[in-house]
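Asker: Turn these sequences into a full structure, and let the hints guide you.
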Amino acid sequence: MSSIPFKRLVVLPTTLSYALVSYKPDTLLSSQPSYWGTFVQLYLLQFIGFAIWRVILYPYYFSPLRHLPSPKGGSWWNGQWKRISGEPTGQPMLDWIQDIPNDGIIRYLGMLNSERVMVTNAKALGEVLTIKNYDFVKPSTLRVGIGRLLGIGVLLAEGDEHKIQRKNLMPAFAFRHVKNLYSVFWDKSCEGLEAMTKEVKAKERGDIPNDVAEDKDGNDGSVAQPEKGAAIVEAMQWASRITLDIIGAAGLGKGFGAIQDPDTLLNRTYRTVFKPTRSAQILGILQLFLPGWFVKRIPIKRNGEIEEAAETIRSVCRDLIHEKKTKLEKKELTDVDILSVALESGGFPDENLIDQLMTFLAAGHETTASSMAWAIYLLCAYPEVQSRLREEVRAKLPSPDSDASVTSQDIDYMPYLNAVCNEILRYFPPVPLTLREAAVDTTISGQHIPKGTRVMLIPWAINKDEKMWGSSARNFDPDRWMADNGESHNTVGGSSSNYAFLTFLHGPRSCIGQQFAKAEFAILLATWIGRFEFELKDKRMMDEKNLYIKGGVTAKPSKGLYVKMKVVEGW
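Counted the way my numbering counts, the sequence shown spans residues 1 to 571.
Please note: incorrect hints may appear among the correct ones.
List of simulated lysine to aspartate or glutamate pairs, EDC-like, C-alpha gap at most 20 Å [as the list claims (entries may be wrong)]:
1. Lys564 <-> Asp538
2. Lys559 <-> Glu544
3. Lys296 <-> Asp319
4. Lys138 <-> Asp160
5. Lys72 <-> Asp99
6. Lys179 <-> Asp410
Please keep in mind that the hints were generated in silico from the structure rather than gathered at the bench.
Answerer: Here is the structure:
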């Protein structure tokens with residue numbers, strides 16, 4: 001079932017209150033009935049009836065999906081919400097996939113018994129993502145909610161509009177074009193590496209304080225005292241700064257200066273809107289049930305922050321487009337960034353192009369930054385993998401201190417680097433789940449799916465499903481991606497289906513920028529591991545059970561990632 005239909009709930013009590021007060025006042029309890037008082041009484045009565053239907057009667061007695069395999073237990077009125085909200089995003093679904101016998105779909109109840117259908121095997125995933133992909137759309141509440149920051153670009157567009165946008169953008173994201181951006185990825189990664197190296201050495205000398213986690217009062221690392229001989233760095237903020245500059249240079253043809261200055265306008269803006277606050281969590285929950293137009297008008301600080309951030313980002317994008325169009329008109333546009341290619345295609349009006357750029361900026365840098373955080377965490381937890389990867393990087397790539405650059409061949413023919421990157425993206429997908437809604441009455445695996453049904457695609461669970469990956473599915477093992485000869489990597493990681501790797505989805509709605517993202521991720525990770533040795537500051541986090549994961553659009557360590565960093569000389 002979709003969000004609460006407030007407009008329809010208003011129509012009946014409005015009509016009845018007018019009719020009763022005007023023509024049948026003697027039937028009302030009050031001796032002097034008013035239109036407003038009667039409306040409120042009728043609305044509340046209708047809303048209570050709707051709530052009983054929605055929360056109790058429909059899910060338990062009338063839903064055509066009520067006989068599907070479902071998890072046991074939960075609340076009689078709030079379904080599995082306690083567990084879903086209390087564990088890392090996607091973790092309960094991973095357990096359900098393993099424990100509940102099913103033929104491709106599992107039904108569960110979320111907050112206020114909202115009904116969800118989770119897709120669990122390759123056949124069902126193929127139907128939702130490929131065969132019937134336009135039967136399943138992103139819910140309008142979700143589009144309005146995240147569209148405020150991401151714009152209604154190719155990520156959120158639907159139907160024919162999506163087909164047109166994707167077709168016009170494909171040349172910019174084709175591998176033949178992305179391979180021309182490898183040198184940009186390398187140059188920006190090296191710039192970030194130089195800045196990080198200076199910070200690490202300054203902290204080792206005790207010249208500047210180490211980073212420390214925020215305390216309950218919100219104090220950050222600025223109060224830490226210098227500790228000579230050790231360098232404690234919060235890796236996630238560096239990943240975010242560098243990826244923002246990479247997406248700026250490679251995607252829009254302009255660096256944003258985030259590497260050199262963590263407090264640039266755009267970096268501050270994204271840092272604010274991606275910070276997990278209580279009001280952000282509340283808005284995220286409300287967007288699942290309430291109309292977007294209503295949620296964004298709730299007078300809380302978070303809404304003001306989002307509106308201000310959206311205007312800032314739009315202004316930056318608008319200025320960049322104007323600058324590029326001026327070059328294009330003068331026939332001076334020779335850049336190879338994504339924006340330049342999109343402009344030359346002539347397929348986008350300015351406002352739609354702004355939406356595309358908002359999507360690239362937010363989704364492009366935040367997801368790769370999350371992947372980098374997980375990469376450093378896992379390579380700290382598995383130091384033997386870190387050492388082996390460093391050996392390959394140093395053997396096959398030039399020193400960042402030299403003037404040499406890298407090409408697509410340099411990166412693509414590094415089997416262990418690609419194996420490690422694939423395994424990180426499998427093990428900790430940056431976007432743990434995505435949501436669809438049946439736009440029409442349809443079927444999945446032969447089961448009737450009514451229009452309006454919410455359908456859950458869970459990379460966090462599918463990527464570790466033992467039925468697709470075997471008994472080692474929950475183990476971090478880059479060697480699963482290595483060919484038998486040890487000199488190349490395979491593309492399926494030993495899984496039984498390409499749908500087993502759901503990080504970038506599949507089909508016409510798959511991530512259009514996955515080649516871009518994978519190349520950026522591989523190059524950035526190579527430079528970090530080639531230069532530094534990483535070790536978790538808090539050894540307890542070596543055990544994943546002690547790792548608290550922040551939910552949201554992307555998943556990452558909730559309290560940052562504080563690591564001891566040491567420059568490994570010789571590269």
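Asker: Hint by hint, where does the structure go against what was stated? Just the numbers, ascending.
Answerer: 3
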